[in-house]
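Engineer: Sequence:
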Amino acid sequence: MKTNQNTINWTDFTKVEMRIGTIISAEIFQEAKKPAYKLQVDFGDLGIKKTSAQITQLYQPQELIDKQVVAVINFPPKQIANIMSECLILGAVNNDNDNVILIQPERGIKNGLRVG
20 MKTNQNTINW
30 TDFTKVEMRI
40 GTIISAEIFQ
50 EAKKPAYKLQ
60 VDFGDLGIKK
70 TSAQITQLYQ
80 PQELIDKQVV
90 AVINFPPKQI
100 ANIMSECLIL
110 GAVNNDNDNV
120 ILIQPERGIK
130 NGLRVG
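Heads up: take any position in the sequence shown, counting from 1, add 19, and you land on our numbering.
Hints are computed from structural coordinates only; laboratory data are not their basis.
In this text the structure is predicted, and so the values were computed from the model without any measurement.
All clues given are correct.
Capping the alpha-carbon separation at 30 Å, the derived lysine-lysine pairs in DSS-like fashion look like this:
hint : residue 1 : residue 2
1    : Lys52     : Lys86
2    : Lys53     : Lys69
3    : Lys129    : Lys97
4    : Lys97     : Lys34
5    : Lys34     : Lys69
6    : Lys97     : Lys69
The whole structure should be built from the sequences, with the hints applied where relevant.
Structural biologist: Following this line, the structure appears as structure tokens:
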């Protein structure tokens, strides 16, 4: 069996706080170096967080509204152009064309629930 050099232990995994959120606003991020959207995501009792996402290949801003996503919410804030990103929305990257496909729950669930 091949060992992955990036193996983490259970304690490391439990530190990653992945939560369910609903996108409540999406607009073109004009100031970004690469095509992206500015998003606001509602995490229920955990509040609304801002981020940017390079998902312009497969998604239009209006179709992102009310879409539930999975995001990491416990990274430190990161300056991206003129916004402070407060979470990282998770997606799978298709290496053939660099398209990002969002990871979503199979059915609507409460915002803020932990994934793990």
